[in-house]
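Q: Just so you know, the sequences run in chain order E and D. Throughout, our numbering is defined as the position within the first sequence, counted from one, plus 355. Throughout, our numbering is defined as the position within the second sequence, counted from one, plus 355.
Hints listed in this document are in silico derivations from the structure and should not be mistaken for laboratory results. Some clues are possibly wrong.
The list makes no distinction among identical chains, and a pair is therefore deemed to hold if it is satisfied within one copy or across any two copies.
[To be verified] Straight-line C-alpha distance at most 30 angstroms; calculated DSBU-like pairs for lysine-lysine:
#1 K452 / K817
#2 K615 / K396
#3 K485 / K452
There are 2 protein chains.
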Amino acid sequence: MTQMATFCMTNMREEVMKLNKMTISNDTVNDLPCEVGIKGKQSYYLSNRGNAISSRHDIMATATLTSIRNKYDEHDNPYGIINIGISENKQCFDLLKERLIQKDMHHVEESHLQYADWRGHRFLREAFAKFLTYHCKASSPLKTENIVVLNGGGSLFCALSAVLCDPGDGLLIATPYYGAIITDISLYNNVRLFPAHTSSKIVKGTNRPFQLTVQTLEKGLRNAKLEGIKISALILMNPHNPLADIYSESEMTEFLEFAKRNELHVIVNEVYMLSVFDECETFHSVLSFDRIPDPQRTHVMWGLSKDFSASGLRVASVYSENQDVINALATLGFLHGLPGTIQYQVTQLLTDEDWINTVFLPTNRARLKEGHEYVTHILRELDIPFLNRHAALYLWADFRKFLKTCTFEEEIALWNRFIDNKVMIMCGKAFNCCEPGWFRIIFSETASKLELAMMRLKMVIKEVEQEIQAENGLCSCRQNVTGNLNSEESNGAD
Amino acid sequence: MTQMATFCMTNMREEVMKLNKMTISNDTVNDLPCEVGIKGKQSYYLSNRGNAISSRHDIMATATLTSIRNKYDEHDNPYGIINIGISENKQCFDLLKERLIQKDMHHVEESHLQYADWRGHRFLREAFAKFLTYHCKASSPLKTENIVVLNGGGSLFCALSAVLCDPGDGLLIATPYYGAIITDISLYNNVRLFPAHTSSKIVKGTNRPFQLTVQTLEKGLRNAKLEGIKISALILMNPHNPLADIYSESEMTEFLEFAKRNELHVIVNEVYMLSVFDECETFHSVLSFDRIPDPQRTHVMWGLSKDFSASGLRVASVYSENQDVINALATLGFLHGLPGTIQYQVTQLLTDEDWINTVFLPTNRARLKEGHEYVTHILRELDIPFLNRHAALYLWADFRKFLKTCTFEEEIALWNRFIDNKVMIMCGKAFNCCEPGWFRIIFSETASKLELAMMRLKMVIKEVEQEIQAENGLCSCRQNVTGNLNSEESNGAD
Chain E
356 MTQMATFCMT NMREEVMKLN KMTISNDTVN DLPCEVGIKG KQSYYLSNRG NAISSRHDIM
416 ATATLTSIRN KYDEHDNPYG IINIGISENK QCFDLLKERL IQKDMHHVEE SHLQYADWRG
476 HRFLREAFAK FLTYHCKASS PLKTENIVVL NGGGSLFCAL SAVLCDPGDG LLIATPYYGA
536 IITDISLYNN VRLFPAHTSS KIVKGTNRPF QLTVQTLEKG LRNAKLEGIK ISALILMNPH
596 NPLADIYSES EMTEFLEFAK RNELHVIVNE VYMLSVFDEC ETFHSVLSFD RIPDPQRTHV
656 MWGLSKDFSA SGLRVASVYS ENQDVINALA TLGFLHGLPG TIQYQVTQLL TDEDWINTVF
716 LPTNRARLKE GHEYVTHILR ELDIPFLNRH AALYLWADFR KFLKTCTFEE EIALWNRFID
776 NKVMIMCGKA FNCCEPGWFR IIFSETASKL ELAMMRLKMV IKEVEQEIQA ENGLCSCRQN
836 VTGNLNSEES NGAD
Chain D
356 MTQMATFCMT NMREEVMKLN KMTISNDTVN DLPCEVGIKG KQSYYLSNRG NAISSRHDIM
416 ATATLTSIRN KYDEHDNPYG IINIGISENK QCFDLLKERL IQKDMHHVEE SHLQYADWRG
476 HRFLREAFAK FLTYHCKASS PLKTENIVVL NGGGSLFCAL SAVLCDPGDG LLIATPYYGA
536 IITDISLYNN VRLFPAHTSS KIVKGTNRPF QLTVQTLEKG LRNAKLEGIK ISALILMNPH
596 NPLADIYSES EMTEFLEFAK RNELHVIVNE VYMLSVFDEC ETFHSVLSFD RIPDPQRTHV
656 MWGLSKDFSA SGLRVASVYS ENQDVINALA TLGFLHGLPG TIQYQVTQLL TDEDWINTVF
716 LPTNRARLKE GHEYVTHILR ELDIPFLNRH AALYLWADFR KFLKTCTFEE EIALWNRFID
776 NKVMIMCGKA FNCCEPGWFR IIFSETASKL ELAMMRLKMV IKEVEQEIQA ENGLCSCRQN
836 VTGNLNSEES NGAD
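Extracted from the complex, chain E is given alone in its bound form (with noise of 0.2 angstroms):
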């Protein structure tokens, strides 16, 4: 709490009274762009695939435009969205903008500037071989032609999505997911996800909520069967979004031997990798395994957008062992080009050892960890029930008490109520939850923003409170928390 304390509470509280009395404009997300060539509800410039592709406005993404266009600053826009939905990491940038300034950055070669390799430029796949070996702590060294880069996580989903599945395909997933993969798999490519559905129970063979086992996977894949969909691969990710879960070595082998049996291809996603920020947490990469069980369907991505604090920088990577899958991504790549300057300034960075490993991750877990542990103790205050994980730049927690019914409607209702009072979190529709009132909230902000964040979210919170008492008695919903989490995980305590 010391960096949380410098940010004078006095202060805070009469700006987010004087937030609560001003003439809030409605940024609830309805914002939808405008259209202009309007036959029904469709374009008549564009084709069918056009209006689907520009119908496709998920919630993360509009979330993401509205509070863009309303961002709260400081000093331009006071009374502007904080947004602590999207997961991106804010407490980095003064090491980040040290770092990209420093001499060795501003190298430009006649390379960089001309079509290259569009797998990457050679220098830059043997700066990621080199720091995935190292990180991912690999049983031997990965290989420079087994790895891609793309501009972004988004992109290799959609090019694995394309060479891995056929039109109508499907990618099985446990529930709650990351929402906008469905973006990314499905513009171009029509490919769907299948959900594996978790719940917040604690049942016979779990013992945390929304626990992924083989049995749930081998239900979503009969499902999948018994609706006549293929699945051509199971998407994993490691730590998760958003539960931010690790997945035990022995857990993760069990997922990937439910493929090999199913000979289902895995993108395992490890993004959050170097993002665990307490000591007794361990996380064990794929590429460490002694065995991967089918390693010709196994492909691990990793990218500097949440562990390097550069969603901006558009840089993400693919290691995979079967040249056929990098091959067909090679031939896809220059869709997905990143400019030959930033390839060179990525490969300075992920090779500056001394840096990385003395400045950079210490720094970045310490700040994760304050970031957290002020999170938390707001919503220990609140009595908000939470999963207490030591990993990635969110939390997953409970609001159920809060919605008026039990249903999607109300959390969107909450939600929305939050953004009217200019704090974004995520709600758990976004994230194709099966359970309505769930949110991920990111603690990866800065102090000073963090703390009015959370002021403005307590501030919701409370009315919450006061109508549902009003109404003399508790919802529905509310009855139903009891015992769903243990205390474990209701109050953090581990």
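Put chain D on the given structure of chain E with help from the hints.
A: Then chain D, alone, in the frame of chain E:
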């Protein structure tokens, strides 16, 4: 020829002779990536679509790869391939580098490292709007809201064809055309190019070889209908690639009126608009027209790849009055996003009017003119006819008399012979030219490389001439050539 003369001719001849004697590794373009999991000719690890993508190594892409893998370097690989086949401007690296390492380029803001508007940061789109308004001589100021900036022209073609066409639709385009467009529009989208064939013969209603007319477009459209293919849009390129023709305002207006009559969108690619290097030539951007026939269906592309010698920076824009199209492109933008820091640097570049207008553009034009003069001088020496234009980075030359038979097999054989002799020019087949024997030669290479490349080319031509003479007669293809090009075209006398 001043700059060219600095390279010692004696040394070069020695080098070429050495090259000729050495045991040449076969660089012939059959060098496709290896496949590991084969089912028939397909990989059983990939989907059908993945296999189709993987096997779509078009001539141009494969040629690029081949020349990258064995790239000429004066010191490190003197017997590598000199690539004057792929359209890149390599003459201005010194200018670009000097500008890109200036202090103003090293600025990093927090927003550059975060998710942003997928159309491009506002500051970038403002810079494009201002730049294009000035350089296109726009009839009224272009609007920031009507611009989308993505990572390269290929991505723009991909995104535009996705939103304007449904699977199976066609895009009408005159032959010869820049062949890589096929990959741009088809890899993800299942959209095809439908050719409107032009001819090297100057027939009634035309005054130059391969001249595009409305009649040709109408015939193309009729043929598409006969084949049951829905044409959604027309692609126009001005200055043209590979012909380097500059369409007049009245020609362009006729084409746009044709599109309007047939309710076709028009994608106008003006990516070479600033590479017009003779004061006698005037380029008229569609954006300068007082009246665009169908502004809601007219979409104008420009980018940094050609005019700013920066194909490796991956920056291209589209301007459209149609907000539906802009919105749909914005939705796809996250798959083709540009790093925020690059967006900032490009903004600095495009708004540096002084550098652009007094340093870069005049120097670039002078160098293009010099390169053009040098290559045309050699072609005249070799009695090789060519279209004598004064725009773009290349010229279109007639090698028909060097084909032993008038077939594409012979064209490819000649092409491979050039490559085996370490000079890459681009064969007409790569442009879907309907007559074998035409090649595109890039002249925007540095003086020493261009001279060595043309020397290697000359050597092949001399050998082929001797072989043809030894066969005691002219081939049928050669006999057909006479009279196809008038003296202005064949000797470049204008």
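Q: Against the structure, test the hints numbered earlier, and report the numbers of the ones violated in rising order.
A: 1
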